[in-house]
Amino acid sequence: LTRSLTRRPAVDREARREEFAAQLVTAVEELLRDGLSFSAMTVDQLVAKAGVSRSKFYVHFRDKHDLLHTWFVQVARELHAGSQRWWSSTGAEDRDALRVAIGEALSTYRPKIPLLAATFDAATLDDRIAEETQGLIDRTIASLAKHIRAGQSRGWIDPGVLPTETAAWIVWMAERGQAQMFQEITDREWERMVDSCTDIVWNMLYATAPGRVPP
Amino acid sequence: MATRANRRTRSERRDEIRRQLLAAAEQLLESGHRYSELTIDQLVRQAGISRATFWAYFETKGDLLRALAEDVIGQLLHSAEPWWHLAQAPTEDAIAATIVRIAEMYHANRAVMAAVVEVSSYDESVKQALDGLVQGTIAGLTEHIADGQSRGFVDPQLDPRRTAAWLVWMSERGLYRLVGPSGPQKRRRYVGALAHSLWNALYATAPGQVRN
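Top to bottom, those sequences are chains A and B.
If you count the first sequence from 1, position 17 lands on 17 in the working numbering, and the numbers rise without skipping.
If you count the second sequence from 1, position 146 lands on 146 in the working numbering, and the numbers rise without skipping.
None of these hints come from the bench; they were simulated from the model.
Every residue, glycine too, gets a C-beta built ideally from N, C-alpha and C.
Among the hints, a few may not be true.
Derived DMTMM-like pairs (lysine to aspartate or glutamate); straight-line CA-CA distance at most 25 Å [to be verified]:
#1 A:K56 - A:E29
#2 B:K127 - A:D96
#3 B:K61 - A:D126
#4 B:K186 - A:D138
#5 B:K127 - A:E30
#6 B:K127 - A:D34
#7 B:K61 - B:E26
#8 B:K186 - A:E131
#9 A:K112 - B:D131
#10 B:K127 - B:E30
#11 B:K186 - A:E30
#12 A:K112 - B:E30
#13 B:K127 - A:E19
#14 B:K61 - B:E92
#15 B:K127 - B:D71
#16 A:K112 - B:E124
#17 A:K146 - A:D126
Partial selection, computed: residues in chain B whose CB lies under 8 Å from chain A [stated by the list, open to error]:
#18 V44
#19 E118
#20 S121
#21 Q157
#22 L158
#23 L167
#24 R173
#25 G174
#26 L178
#27 G192
#28 L194
#29 H196
#30 N200
#31 T205
#32 P207
One-sided and incomplete, this derived list gives chain B residues near chain A with beta-carbon spacing under 7 Å [said to hold, decoys possible]:
#33 Y57
#34 F58
#35 I95
#36 Y122
#37 P156
#38 D159
#39 R162
#40 Q185
Let the sequences and hints guide you as you build the complete structure.
Shown next as structure tokens:
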């Protein structure tokens, strides 16, 4: 009985903290849209935008990086799951199927790009954020490398591709390309960029596979 | 006569101070210091000059990094130049040799480039120097893709500008995160993977490409 009494408030507190983080992060996004960079943002500006008190902020978070870290830990799992369709495909997929899969992966990222770009920027200054962002990158590289190896053993991915190293270049292309080019992008331009990304990945991995190249 | 000689001496001295400070900054960055944590005192002590001399040539610490960045960025752009002007179908080996040259130059200057990336996350003028490198490279690669398509050695399906943008951002970040921190053996694998990726992405499926 004692245990359940002490445990429930802890769970509630964590849930409240995450809910509060979501509310604050919305304010961060608005400030980013107003043209303020995350590095220049102060906690005062942030709480003013969110309409909460400074003291309430500091009850839950040490500083603005702590807030960003909390948000990122929550979304990292969702981002990784968004790319499952691509990695789990086990057939000799065609370009259209790859387009759907890459479109799905990038659309998971799309609404979060301004905050994700701020998070990756903050990683150069904050070790905890660096660790989490590197964790997501490493998991994504590992999953894509596994997909490449499976495709190579079945003959629908170029056997000359180094799985882990090539996956690493592709993952950084996606991270950096989105952060730099997808900040204020129309739907039409987004679709064309996804087409272009698909063409690149198709050529890099699949187009020259032995099972595909005409003799 | 005497005034002219003095002036020349002064401008020579200015260049020398600049070189000393750049070398000092490079040494400190290479020994693991973060640029944001370097002090002017550390810089002038390493360079063997006085604080007053520093302030005579640079207004801020950011000025010094910008000078370093322009130097390195100019070299990187220069080494990619022959690639943009290929008039005929390149071989995979020729592409690989170009990529190795750029990557090794990046690696030799990794301390400066890492400082540029770090500082560009909060300093607008350093960010602009880095953006200049990236946009210049995107423009060069876009032209190369369009030209190669008209000559039949680049995949005609590719959208030149968008393809160039994805590939340049890939290279910029991969050089910083993958090539910069790696030792020779790992670096060879990353650079090899980049060269093969670019070969596959642009040239391997072109109609005029001789398959080997």
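Exercise. Honestly, which of those hints from before does the structure not fit?
Worked result: 2, 11, 12, 13, 14, 17, 18, 32, 33, 34, 35, 37, 40
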